[in-house]
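Engineer: What follows is the residue order along each chain.
2 protein chains.
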Amino acid sequence: METYEILRDLAVIFISAKLFGLAARKCKAPMVVGEIVAGLIIGPCLLSLVHPTDFINQMAEIGVILIMFSAGLETNLQELKKSGLIAFIIACVGVFVPLAAGSLLYMCFYGFSSFGTDEFFKAVFTGCIMTATSVGITVEVLKELGYLKSRVGQTILSAAIIDDIIGIIVLTFVLGFKDPDSNTLLITGKIALFLVLSVILGYVIYRIFKFYDERHAHTRRIPIIAITLCFIMAYVAEKYFGIADITGAYIAGIILCNVRDAEYIDRRVSINGYMFFAPMFFVGIGLKTDFSTLNGSVVLFALGFVLVALLSKIVGCGGVAKLCKFKWADCAKIGVGMMTRGEVALIITNKGLDMNIIDHSFSTAVILLIIVSSIATPMLLKYLFSKDNAVAHAEQ
Amino acid sequence: METYEILRDLAVIFISAKLFGLAARKCKAPMVVGEIVAGLIIGPCLLSLVHPTDFINQMAEIGVILIMFSAGLETNLQELKKSGLIAFIIACVGVFVPLAAGSLLYMCFYGFSSFGTDEFFKAVFTGCIMTATSVGITVEVLKELGYLKSRVGQTILSAAIIDDIIGIIVLTFVLGFKDPDSNTLLITGKIALFLVLSVILGYVIYRIFKFYDERHAHTRRIPIIAITLCFIMAYVAEKYFGIADITGAYIAGIILCNVRDAEYIDRRVSINGYMFFAPMFFVGIGLKTDFSTLNGSVVLFALGFVLVALLSKIVGCGGVAKLCKFKWADCAKIGVGMMTRGEVALIITNKGLDMNIIDHSFSTAVILLIIVSSIATPMLLKYLFSKDNAVAHAEQ
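If you read the protein sequences in the order shown, they are chains A and B. Sequential numbering from 1 applies to the first sequence in the numbering used here. Sequential numbering from 1 applies to the second sequence in the numbering used here.
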């Protein structure tokens, strides 16, 4: 392929991602839904204008690394500490109920298998995909409704953030066990070592970066050094610790989230992300989706997958909220608020595809889940909060 | 190669580019020199930490396209109209003097031969390789020095762009002699058609974009649409008109240089450029350098080739600038600014290799020319402009 041929692919991807993203927003759906649909339309599924190439995959990989780095940078450690125990409990239950339910669903469809087998691993991975709440969509909806700073809003937000961290730790452990020859103790040790090193070295890096940043604030070198740190951590995590590169990138973001220029770095990372790399990731998902494998059982599995993924979050998070003495109405809001899935579910699915853990029929299920949850959540939340208002009005 | 391996390459390239770039600035040399040196050091020439890959080449291609697009966006059309005729004359002389001098050099080394023979053709082709100025490095240096929008800067930029087009027309004619099947008239017609279409369609696109921009100023979609236009024009130029993609990108920039958000677009393009793509281009030049084929006679020819290529541009462009009533100091700047060679020289060399016109010793000479000119031009330009400032200060 001539080098200039990539320009054509890039042009088609950028413009279609933007067009369908805007169309999705007009339909009150998140823009990423539009970008995935763009990929479905321009890709081999429909128009065949663009085919997935190595270059597109590599750009997409950088895209997802930047998204995770940005998510890490935007983490508010103080807020996380304050919102404390309740959010943590909700997040834990919100991870483990879908994890168990997802695994069970897979086994119901494809047979029960004993611990340690490939099939058992696939089942657990299916659960893994269901764990991560998409903070982005939830935040945007709560903001739009004006309830982000309410107690319920703050609880959902903190739980969604903690849920991301727990989800990634769970994923890391699950992926560590992928290799049947692998030494369980060694993997657990590696992961523990990585987390310990992340805390210790992370703190050292944070102090050095903070010191340097205060002397060279708002210079070009700050975001470049930050991005380099992100890439090195992502690479080292995957290469030497067998931990997903996205986890490394996320931790790199958390390490830098309290430096003075965190927002400045995040802004530059985001500009690179939204202009070049993130559309490559979301459109790339559409490009890689292959409906030719669709058949009755896949569709049935996808429907079950969506149902279980949504209900397990509502029941898990809503239920534990009730135990934490929230009102029933608020429990419903917390459950619904936690049920959105987005880029993290896709990222985990992609990882699974790359590692040949799952097959392409899973993309279909996950894409369906994202589309359904990101359309249903805003509508349900709007309904639940408006009912609240109606009651409040009636009481006045 | 695992996808995550690119993260390591990127981290090494980014951090070394920044380090050597800053070191170059400390030594009062432009940062791009440091970036090229970084490529020589981390590449196969020395440390072999990073090897040129398809991905790096493609990122570098996007890098040079963004640099040219940005240069186009920063074009002052009023200034260009003013400098247009003079730039055209400088470009013409800047093509024909190196063409003649290069042919003569070949004949001095390998014997004079009569018109129409194979050897005569080789000589003319040697001249052809010397014709195209690589404006990328010069633009970056002029920007860094803050003289891109000066009269001299605009003259160099315009002349370098016109020089590209004339160089391509000359190459087309020369190749026409070699291959009796190629239709020289058709190719010349295509080039003319592209320029005419650029003006007509360019004006239409400008009006539409201006209209849209005024309704959606400062939104994310504006830079994305602009980049898409840039990529489409670069692609169409190369694919359908046989014109270098960088020329298409530059013209796309010129089309948008008068819209309200031109600066807003440029800022976003530049952030993408300096953070990701531009270092890939400059480091990439160093990475691709291979000194292993060097021997005595090749070195001698290469040295002659470099010397003639540089001097013929300085004498040709500087001399004709003097005839156009520029001051001697400005003539020197124009001559030096026009002497950089880059990817176009490599593309022409590649073409010659593919068609068995020249042998591999030419690659060494051309790469040496690119390295020497890309290191010498920034340093000389910086020196010439600083002398100017010193005079200006003395006069105050």
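Calculated from the structure, these hints are not laboratory results. This structure is a prediction, so every number in the text was calculated from the model and none was measured. Don't take each hint at face value.
To be verified - With a straight-line Cα cutoff of 27 Å, these simulated DSSO-like cross-link-like pairs (lysine-lysine) come out:
(1) B:Lys26 <-> B:Lys143
(2) A:Lys239 <-> A:Lys351
(3) A:Lys26 <-> B:Lys149
(4) B:Lys26 <-> A:Lys210
(5) B:Lys149 <-> B:Lys82
(6) A:Lys322 <-> A:Lys387
Engineer: Now, for every hint given, state plainly whether the structure supports it.
Structural biologist: Outcome of the hint check:
no.	hint	result
1	B:Lys26 <-> B:Lys143	18 Å, holds
2	A:Lys239 <-> A:Lys351	15 Å, holds
3	A:Lys26 <-> B:Lys149	42 Å, violated
4	B:Lys26 <-> A:Lys210	23 Å, holds
5	B:Lys149 <-> B:Lys82	13 Å, holds
6	A:Lys322 <-> A:Lys387	19 Å, holds
Hint 3 from the list above is the single one not met by this structure.
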